[in-house]
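Q: Protein chains in written order, with the numbering used here: chain A, 12 to 119; chain B, 494 to 657.
Since the hints were made in silico from the structure, they are not lab data. Where is the CB? At the ideal position from N, CA and C, for every residue including glycine.
Cβ-to-Cβ under 10 Å is the rule here; a few derived chain A residues that face chain B: (1) 26; (2) 44; (3) 45; (4) 51; (5) 54; (6) 56; (7) 59; (8) 66; (9) 77; (10) 80; (11) 87; (12) 100; (13) 108; (14) 109.
Stretch by stretch, here's where chain B covers chain A in the computed footprint (C-beta under 8 Å, at least three residues): (15) 12-24; (16) 32-42.
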Amino acid sequence: MCHQTVSLVARHLEAHGIATVILGSARDIVEHCGVARFVFTDFPLGNPCGKPCDVAMQRAIVGLGLDLLESARAPRTTVQTPFVWSEEQPWRDNYMRIEPAGPSVATS
Amino acid sequence: MSGRGVDPTHRTFVSYIDKSREYYLARGYGNPYRWAYFDEVPFASLQRPLSQSVVTLITTAHEGVDAPSFRSAYSIPSESAPVSLHTDGLFWDRLATHTEDLDSFFPVHRLEEFVRAGRIGHLARRFHGVPTEYSQRKTIERDAPEVLRRCQEDGVDAALLVPL
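Using the sequences and the hints given, assemble the complete structure.
A: This is the structure in structure tokens:
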């Protein structure tokens, strides 16, 4: 839901002349809404600017966002960063797994 | 070719729209959430080189669920950026990771490094937070115009927006 909120704000800023880039990890929500520029990192939700305390990765992801501010020539420009969360990827299945115990990801 | 256990019959990235719809349908909620969708997408080019531009940062993190920032747009001075922000009450993967490193979702120190390196002209006077709302109308009619107004006051050329 955070991804939808910032997508709507980005669209409003763009419509009034401010260039934007979203750094995020929920690709479908951002692209469904439609934004000017999007840097997608295929991580579990929570660290869209890089793994905690990994300064080099964070610098690379933010840097890609800055690059995209300059290089995009049309809306809906998505760049995917090269980073992989882990070789084993159970987090993909854990999100809202359908089971009697309820959602695996706390909501609020 | 496939790698890392990728199933080529499925898209590689998680579809949060599909998963949340199926989850709630399985629990008997028959009225799926209608996610924001637009055919037209506005686009603004940078009006000056990034090395001369004023850049701000916009987050969905907040100052605590009891703070006003949880329910309305708020601003923080970039000169005295917070050492932490709250992420409770928001969707993120508590099983896989944590949000104790601010720069993993609010990269203020990385941006300061880019300013010192000359890649960015200046950081804006203020950074901004927006509440995460199920109501698209509240974001479109209440929060987005307020953030725009504050950005215009600060002469912002470009914004990085980072959702949790």
